[in-house]
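Taking the hints into account, I'd like the entire structure generated from these sequences.
Residue numbers (my numbering), protein chains in the order written: chain A, 1 to 340; chain B, 1 to 340.
If you are wondering where the hints come from, they were derived from the structure by calculation, not from laboratory data. Please note: incorrect hints may appear among the correct ones.
Result set (DSS-like, lysine-lysine): computed pairs, CA atoms no more than 27 Å apart in a straight line [to be verified]:
1. A:LYS148 x A:LYS26
2. A:LYS81 x A:LYS26
3. B:LYS308 x A:LYS104
4. A:LYS3 x A:LYS148
5. B:LYS148 x A:LYS308
6. B:LYS26 x B:LYS110
7. B:LYS81 x B:LYS110
8. A:LYS81 x A:LYS3
9. A:LYS110 x B:LYS148
10. A:LYS308 x B:LYS104
11. B:LYS26 x B:LYS104
12. A:LYS26 x A:LYS3
Derived coverage of chain B by chain A (criterion: at least 3 residues anywhere in the stretch with Cβ under 8 Å from a Cβ of chain A; other residues may be distant) [what the hints assert, rightly or not]:
13. 266–272
14. 301–307
One-sided excerpt, in silico: chain A residues whose CB lies under 8 Å from chain B [to be verified]:
15. PHE103
16. HIS176
17. GLN199
18. ALA304
19. ARG306
20. ASP312
Note that the structure is a prediction, hence the values are computed from the model and not measured. For glycine and all other residues, C-beta sits at the position ideal for the given N, C-alpha and C.
Protein chains: 2
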Amino acid sequence: MDKSCALGIDLGATDIKAALVDRTGKILRRDAQPTRAELGPDAVIDRIVELIDRLRTGAPSLQSKGGGPKRANGSEHPTHKPDIVAVGIGAPGPLSPSRGIVFKAANLPKWRNVALRDRIAERIGLPVVMENDANAAAYGEYRHANDKSLQDLVLLTLGSGIGAGTILGGRIFHGHFENASEWGHMIVEPNGRPCTCGQLGCLERYASAGAIARTIVAQIERGQSSSLAGCVRAGEAVTSVDVAAAAQAGDALAQTVWDEACRYLAVACINIQHAVNPQSILLGGGMSAAGDFLLNPVRRHTEAMRWKLHDDHPDIALAQLGNDAGTIGAALLAWDSLDT
Amino acid sequence: MDKSCALGIDLGATDIKAALVDRTGKILRRDAQPTRAELGPDAVIDRIVELIDRLRTGAPSLQSKGGGPKRANGSEHPTHKPDIVAVGIGAPGPLSPSRGIVFKAANLPKWRNVALRDRIAERIGLPVVMENDANAAAYGEYRHANDKSLQDLVLLTLGSGIGAGTILGGRIFHGHFENASEWGHMIVEPNGRPCTCGQLGCLERYASAGAIARTIVAQIERGQSSSLAGCVRAGEAVTSVDVAAAAQAGDALAQTVWDEACRYLAVACINIQHAVNPQSILLGGGMSAAGDFLLNPVRRHTEAMRWKLHDDHPDIALAQLGNDAGTIGAALLAWDSLDT
Numbered sequence: 001m002d003k004s005c006a007l008g009i010d011l012g013a014t015d016i017k018a019a020l021v022d023r024t025g026k027i028l029r030r031d032a033q034p035t036r037a038e039l040g041p042d043a044v045i046d047r048i049v050e051l052i053d054r055l056r057t058g059a060p061s062l063q064s065k066g067g068g069p070k071r072a073n074g075s076e077h078p079t080h081k082p083d084i085v086a087v088g089i090g091a092p093g094p095l096s097p098s099r100g101i102v103f104k105a106a107n108l109p110k111w112r113n114v115a116l117r118d119r120i121a122e123r124i125g126l127p128v129v130m131e132n133d134a135n136a137a138a139y140g141e142y143r144h145a146n147d148k149s150l151q152d153l154v155l156l157t158l159g160s161g162i163g164a165g166t167i168l169g170g171r172i173f174h175g176h177f178e179n180a181s182e183w184g185h186m187i188v189e190p191n192g193r194p195c196t197c198g199q200l201g202c203l204e205r206y207a208s209a210g211a212i213a214r215t216i217v218a219q220i221e222r223g224q225s226s227s228l229a230g231c232v233r234a235g236e237a238v239t240s241v242d243v244a245a246a247a248q249a250g251d252a253l254a255q256t257v258w259d260e261a262c263r264y265l266a267v268a269c270i271n272i273q274h275a276v277n278p279q280s281i282l283l284g285g286g287m288s289a290a291g292d293f294l295l296n297p298v299r300r301h302t303e304a305m306r307w308k309l310h311d312d313h314p315d316i317a318l319a320q321l322g323n324d325a326g327t328i329g330a331a332l333l334a335w336d337s338l339d340t
Numbered sequence: 001m002d003k004s005c006a007l008g009i010d011l012g013a014t015d016i017k018a019a020l021v022d023r024t025g026k027i028l029r030r031d032a033q034p035t036r037a038e039l040g041p042d043a044v045i046d047r048i049v050e051l052i053d054r055l056r057t058g059a060p061s062l063q064s065k066g067g068g069p070k071r072a073n074g075s076e077h078p079t080h081k082p083d084i085v086a087v088g089i090g091a092p093g094p095l096s097p098s099r100g101i102v103f104k105a106a107n108l109p110k111w112r113n114v115a116l117r118d119r120i121a122e123r124i125g126l127p128v129v130m131e132n133d134a135n136a137a138a139y140g141e142y143r144h145a146n147d148k149s150l151q152d153l154v155l156l157t158l159g160s161g162i163g164a165g166t167i168l169g170g171r172i173f174h175g176h177f178e179n180a181s182e183w184g185h186m187i188v189e190p191n192g193r194p195c196t197c198g199q200l201g202c203l204e205r206y207a208s209a210g211a212i213a214r215t216i217v218a219q220i221e222r223g224q225s226s227s228l229a230g231c232v233r234a235g236e237a238v239t240s241v242d243v244a245a246a247a248q249a250g251d252a253l254a255q256t257v258w259d260e261a262c263r264y265l266a267v268a269c270i271n272i273q274h275a276v277n278p279q280s281i282l283l284g285g286g287m288s289a290a291g292d293f294l295l296n297p298v299r300r301h302t303e304a305m306r307w308k309l310h311d312d313h314p315d316i317a318l319a320q321l322g323n324d325a326g327t328i329g330a331a332l333l334a335w336d337s338l339d340t
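This is the structure in structure tokens:
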């Protein structure tokens, strides 16, 4: 690897993803390993450092099949030692980017006021910045957008929960307590379904990939018929991708469950419009793999439900970077930190 | 009047309020007249200009009783001609502050793309700025606050509807389409009560002074007992102030209706916390006259309902300027416009 790069980390509940990223946002190499969140913060920090060391030394990616270096897209050169200038970490919140502390994370057991940024920096001897994972992903999407007039956007990452990041005037919007843009925990049904965060009726209980899967499993277990009933009875995991596929194949229960999630996403889009009035709302995360089958009903419901007092509305669109948004955004924030 | 001042206008559905305001935000003189919104925009603009002319010429306020000048607070000197340097207008939205156009206003019939700012400026020959009425009020509260570290706040004005203004970093936050912070039209009950804006389930249908009055009247008409039943049967108007008084006197129905509104305000506070994460959320408008009888249950419900992942929360407090917030804020924005 003959040019310098930043290393972006995306710390998820299941996997730690990493990428070496050049100054333009192009990925030079990817790697990942399981988070093993159940082992607690010390073990997870060890695993993050291991992953960083593997990328620093140019060791073969553990993602590669058959033990050989992964060269699938022609941009991976694992046998060269890269020149890593800084590291960016996207982590689940609530957290403080300015202090580098993860206060608590719904999906990472035993994390409580963990000084993640400084603990990593001490171990690796490189400058480290830390950001909310969805904020980092939103920044990645913002920097990637072809439309350079796009300066105000909200990204919703529809995964096991719903993460969200807001870019205003080309910068991540943090809010006074650095925990703005937690749209997944907007209450959309007062006294509604209990959320892991302690509230009732949060958006992510109705409109995330996780919620869709849980809802259809519960309905099937209550005796509703569906083409997915066999999987459920066999104890196989059902994902939002399965539900989308079943709905597209004509499964009535899957269609109802998918459409209900899209209606709640439309409520979210309307509330985001009224709250921060962005130019664009991007739908990302696992559910967005459904493409137009997600986008079109969300747009249709939003149009049908929103106010008629004014015609200038945020555009609703699909995010572009898929699973790379978080690592690219974190790496670009690391690059930015060197410029200031 | 021996010093220069800006003139602040607060254009409401019922009254046009005006005030002469010095550079520090102190009111030197007030005046007002009925809006007569039913006559349409041309007539309303005439009435705004009349009000401005009355204040410019030092004519006696029409608000004064017995024909004499009003000197109640010792700060009104109507016989001197004031030196007005600029005019600020707070108007109901959606509107464009930068272009000075009111697109449409739910409570002002026949308003459609009215170039309010320039039409007033042409008539009076003074610099005019225009702002969303609740944004102007929020700016007034921001400038009035004793705590100079308070730079990020949201004001909710609880009146016939719910207006809202957001201050971020000491500046009004407008959003890309200049219609951010319409918290009154956040959907809090999908498929809920119809709103004049065209949506279903908007916050202002559940938690405004108007909603409280309509709700208790409807319950009484359905046969529920209340100390306010006599008024309702006599066809007298019931206000949120009456409901608060009845609730404080032990009326069970009034207590239920008031508490329901406070619970929806708590949902709003939680969603505002997660969206823009301000330092403070201020409750203003007619309902805030109830003081702690409003503030305490909103705080209690918010505390009970919000997430437990993080302890740094916006403070919830009562707004301080009452009915003067809009005129003071508009006048201070007029002052600011001279400095740029």
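Any hints from earlier that this structure breaks? Give me their numbers in increasing order, please.
5, 6, 7, 9, 11, 18
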